[in-house]
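Take the sequences, apply the hints, and build the full model.
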Amino acid sequence: MVVRCWREDPCTFVSVVGDLDVAGAPRLRDELEPVLAAADPLKVVLDLTEVPFCDSIGLGVLVATLNQVRRRRGRMILVLGPGMIRHLLTITNLDRHFETSDSLTEAHATLSAAA
66 MVVRCWREDP CTFVSVVGDL DVAGAPRLRD ELEPVLAAAD PLKVVLDLTE VPFCDSIGLG
126 VLVATLNQVR RRRGRMILVL GPGMIRHLLT ITNLDRHFET SDSLTEAHAT LSAAA
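Take any residue in the sequence shown, note its place counting from 1, add 65, and you have its number in my numbering.
Please keep in mind that the hints were generated in silico from the structure rather than gathered at the bench. Note that the structure is predicted; figures quoted are calculated from it, not measured. Heads up, some of the hints might be wrong.
Stated by the list, open to error - Distance windows between CB atoms, simulated:
| hint | residue 1 | residue 2 | range |
| --- | --- | --- | --- |
| 1 | 86 | 178 | 33 to 41 angstroms |
| 2 | 152 | 129 | 19 to 27 angstroms |
| 3 | 118 | 179 | 27 to 35 angstroms |
| 4 | 87 | 152 | 16 to 24 angstroms |
| 5 | 96 | 135 | 13 to 21 angstroms |
| 6 | 87 | 156 | 18 to 26 angstroms |
| 7 | 75 | 98 | 15 to 23 angstroms |
| 8 | 179 | 71 | 13 to 21 angstroms |
| 9 | 92 | 72 | 13 to 21 angstroms |
| 10 | 170 | 106 | 15 to 23 angstroms |
| 11 | 132 | 103 | 12 to 20 angstroms |
Cβ coordinates follow ideal geometry from the N, Cα and C atoms, glycine included.
Set out below in structure tokens:
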């Protein structure tokens with residue numbers, strides 16, 4: 066798994082490439098920790114368009130991250146392509162809790178408008 070983080074005010078972007086599973090989830094959690102601690106206001110765009118697979122451990126990292134963002138009164142948008150993760154959120158009814166977008170540009174515009 067490859068995780069890349071960068072800042073474009075007012076958002077912090079986190080791009081993930083590879084499986085979000087028992088092997089990759091701890092890496093993502095470790096990369097998100099400083100992002101969540103530093104950003105203020107907390108506006109996170111998590112790009113999962115290059116994540117072909119997500120297991121329950123990976124889903125747990127996404128839910129825990131969302132909870133942490135909400136506790137700090139922030140916002141997080143998942144950028145999703147068609148496929149497994151979008152389907153996973155739907156069948157677990159988590160699509161009602163996560164804010165999603167089809168592109169980085171759209172997610173950035175949404176969070177910038179809320180600034």
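Right, here's what the structure says about each hint:
no., hint, verdict
1, 86 to 178: 33 to 41 angstroms, "holds, 34 angstroms"
2, 152 to 129: 19 to 27 angstroms, "holds, 21 angstroms"
3, 118 to 179: 27 to 35 angstroms, "holds, 31 angstroms"
4, 87 to 152: 16 to 24 angstroms, "holds, 20 angstroms"
5, 96 to 135: 13 to 21 angstroms, "holds, 20 angstroms"
6, 87 to 156: 18 to 26 angstroms, "holds, 20 angstroms"
7, 75 to 98: 15 to 23 angstroms, "holds, 20 angstroms"
8, 179 to 71: 13 to 21 angstroms, "holds, 20 angstroms"
9, 92 to 72: 13 to 21 angstroms, "holds, 20 angstroms"
10, 170 to 106: 15 to 23 angstroms, "holds, 20 angstroms"
11, 132 to 103: 12 to 20 angstroms, "holds, 18 angstroms"
When each numbered hint is compared with the structure, no violation occurs for any of them.
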